[in-house]
Amino acid sequence: MTKDAIRITDLGDTAFNVEFGDAIDPVTNAKVTALAGAVRLARQGGGLAGLVETIPTFRSLMIQYDPLAADRAGLEAEILALARANAEAPTAKGRSWVIPACYDADLGEDLDQLGQRAGLSRDQMIGLHTGTEFTVHMLGFMPGFAYMGGLPEALRQPRRASPRLKVPPGSVAVAESLCAVYPWESPGGWHLIGQTPVRFFDNTRSPPALLAAGDRVRFRAMDRAEFEAARKDPSPLMPEGS
Amino acid sequence: MPNGLEIIHPGLFTTIQDLGRFGFQDLGVPPSGALDTIGLRLANALVGNAAGEACLEISYMGPVIRVAVDSVRIAVSGKVRLAIADGGTPRPVDSNRSHRLKRGDTLTVGAVDGASTAYLAIEGGFALAPVMGSLSSYGRAGLGPLGGRPPAAGTILPLRLAQCRDAEDVTFAKPMDYGQGPIRVVLGPQADAFTQDAVATLLASIYRVTQEADRMGLRLEGSKLAHRASADIASDGLVSGCIQVPGSGAPIIVLADHQTVGGYAKIATVISADLPRLGRVVPGTSLTFAAQSVAEAEAIRRAQEREIERLIRGIIPVPSTGVDLDALYGADLISGMVDAVSGQGR
Chain A
1 MTKDAIRITD LGDTAFNVEF GDAIDPVTNA KVTALAGAVR LARQGGGLAG LVETIPTFRS
61 LMIQYDPLAA DRAGLEAEIL ALARANAEAP TAKGRSWVIP ACYDADLGED LDQLGQRAGL
121 SRDQMIGLHT GTEFTVHMLG FMPGFAYMGG LPEALRQPRR ASPRLKVPPG SVAVAESLCA
181 VYPWESPGGW HLIGQTPVRF FDNTRSPPAL LAAGDRVRFR AMDRAEFEAA RKDPSPLMPE
241 GS
Chain B
1001 MPNGLEIIHP GLFTTIQDLG RFGFQDLGVP PSGALDTIGL RLANALVGNA AGEACLEISY
1061 MGPVIRVAVD SVRIAVSGKV RLAIADGGTP RPVDSNRSHR LKRGDTLTVG AVDGASTAYL
1121 AIEGGFALAP VMGSLSSYGR AGLGPLGGRP PAAGTILPLR LAQCRDAEDV TFAKPMDYGQ
1181 GPIRVVLGPQ ADAFTQDAVA TLLASIYRVT QEADRMGLRL EGSKLAHRAS ADIASDGLVS
1241 GCIQVPGSGA PIIVLADHQT VGGYAKIATV ISADLPRLGR VVPGTSLTFA AQSVAEAEAI
1301 RRAQEREIER LIRGIIPVPS TGVDLDALYG ADLISGMVDA VSGQGR
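Protein sequences, first through last, are from chains A and B. First residue of the first sequence: 1, per my numbering; consecutive thereafter. First residue of the second sequence: 1001, per my numbering; consecutive thereafter.
Okay, chain A solo, but in the shape it has when bound (with noise of 0.2 Å):
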């Protein structure tokens, strides 16, 4: 794929993809978010017929439509254009949050596994998992699980080759060039290196999910008693942002 092409693929009758690249890279990502905010704009200003709804990601944005509602040919014709005229917006500047995570052993199980093959301390990944700014790629796979794109060369590590049939909740976890957070218990073949109490999804929040594309996040490590303490604590913690 070039790179500039725009690809569109299907979903049977009801999605196409609108494609910028095939791989991880922030200006395939940013075109998607300017994408998708354009989109959004027309389907406030009443455009877009048949529209269902949008999903974001790394490299494309997916369009979901109602094939009874929508003329597909004239959807996918209105959206291509809104991609070129929007190919060089400016992406809206993301808020920036702090994550508290506790990065004690039984929390991160794979921490020290990823530091031997690093050949760096305990202390040495915390600081690199701390002192990184992650950018917010994408949502998806379960609700509120960001993926943030960034992640320092040392902490890097292929999947699990064999999933955990269950990852406990706030799991801090790292894979390729990604880091994210689970916030509900599932399968997953992340490598976990902490835990944050901070919730990142509540469906009695508007938005119910935490953080959102272009959010830029750094976490902060927090101890023990802190942790256990914020995590006991019935009123949902919330993360620092601006």
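Everything labelled a hint here was simulated from the structure, so no lab data went into it. C-beta atoms are modelled at their ideal positions from N, C-alpha and C, and glycine is treated no differently. Be a bit skeptical, because a hint or two may be false.
[Said to hold, decoys possible] Some chain B residues close to chain A (C-beta under 10 Å, calculated; not the full set): (1) GLN1025; (2) VAL1239; (3) THR1260.
[As the list claims (entries may be wrong)] Distance windows between CB atoms, simulated: (4) B:ARG1149 with A:LEU165: 13 to 23 Å; (5) B:ALA1129 with A:PRO207: 12 to 22 Å; (6) B:GLY1133 with A:LEU165: 23 to 33 Å; (7) A:ARG43 with B:GLN1163: 37 to 47 Å; (8) A:ALA229 with B:ALA1051: 46 to 56 Å; (9) B:ASP1197 with A:LYS232: 51 to 61 Å; (10) A:ARG7 with B:SER1248: 26 to 36 Å; (11) A:ILE8 with B:ILE1316: 44 to 54 Å; (12) A:GLN113 with B:ALA1226: 25 to 35 Å.
Chain B: place on chain A using the hints.
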């Protein structure tokens, strides 16, 4: 005094579902909703509800429910063994028609015949608060009424109507035809990540639905599908019906509770008209696939919508011929039954 429907026994896996929770997939929230949207719409039509009113989705074996309102009209779409008891012996009754129940009556929703799902609609619907715009249940993230979980024994589901409208009971003039033959797909979005042989294999082989079949998806066994290079892609969006193929080469068709994005290449996507069929298949079912263009898929869907509308327009009063002996004998829910008309034991 409770006011609603009391769950005496929850059945195998009974959840509250409507047509889905849309508008939050960009936050990672699955659409959920009925696996068989046609079945849900038909059940609602029989009790005069709007098409998308929330129903109980019955998986394999339904609940036992006691009526704790003055009266209620219910209908179960699909071929399901039903029995109503008013204090005495349960009396088998037909599905695919409405029934009027009164306070204290018990409805036993038995096995679903030949399908995995069926729908129980209540006239007026449930008096439950939507969560993020929908009454659909998504247990993993606690979304939906009852925290997205199946109602447990003892749960009282509140209803909008304390008594049903004074209408006659109705049924369909003919059954819904879900269609047979291959499941139709549109190739893509990553058909080019597979070998040409893999695409040909998908369209020429017989696949079997394994025991791993639930609201998230169906795992299939059969001929393996080979990728050109890798099974992994940079994760992108999923819709119900996407056929993703992990490194094992065994396809997985995702259904209503699917993850919003996936990192496995997708060889094809089931067309929307054939999704309700997949929402009803039981493990062990053999499936074949045929490719269509998007335009063909749209035409098929439009024709199907016309058929559903015809079916709903053709709803007729239940013929008043008294006891339906075929249903009585066919239901096989009680033993030692005596035909009250002929006096012969069966």
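Hints, one by one, checked against the model:
Contact between GLN1025 (chain B) and chain A, as hinted, is supported at the beta carbon level, the nearest pair being about 5 Å apart and thus within 10 Å. Restraint check, VAL1239 (chain B) versus chain A: the minimum CB separation of about 5 Å is within 10 Å; hint holds. Among the interface hints, the one on THR1260 (chain B) holds; its C-beta lies about 4 Å from the nearest C-beta in chain A, closer than the 10 Å criterion. For the pair ARG1149 (chain B) and LEU165 (chain A), the supplied restraint of 13 to 23 Å holds, since their beta-carbon distance comes to about 20 Å.
Checking the proposed 12 to 22 Å range against ALA1129 (chain B) and PRO207 (chain A) shows it holds: the Cβ atoms sit about 18 Å from each other. Separation of GLY1133 (chain B) from LEU165 (chain A) is about 32 Å and conforms to the stated range, judged on CB atoms against 23 to 33 Å. Between ARG43 (chain A) and GLN1163 (chain B) the CB atoms are about 42 Å apart, so this pair conforms to the stated range of 37 to 47 Å. A beta carbon spacing of about 50 Å between ALA229 (chain A) and ALA1051 (chain B) agrees with the range 46 to 56 Å that was offered as a hint.
At roughly 57 Å, the beta-carbon separation of ASP1197 (chain B) and LYS232 (chain A) lies within the given 51 to 61 Å, and the hint holds. For the pair ARG7 (chain A) and SER1248 (chain B), the beta carbons lie near 28 Å from each other, so the given range of 26 to 36 Å is met. Against the hinted window of 44 to 54 Å, the Cβ-Cβ separation of ILE8 (chain A) and ILE1316 (chain B) comes to about 46 Å, which satisfies the hint. Under the hint 25 to 35 Å, the C-beta atoms of GLN113 (chain A) and ALA1226 (chain B), about 33 Å apart, fit the expected range.
Checked against the numbered hints listed earlier, the structure breaks none of them; every hint is satisfied.
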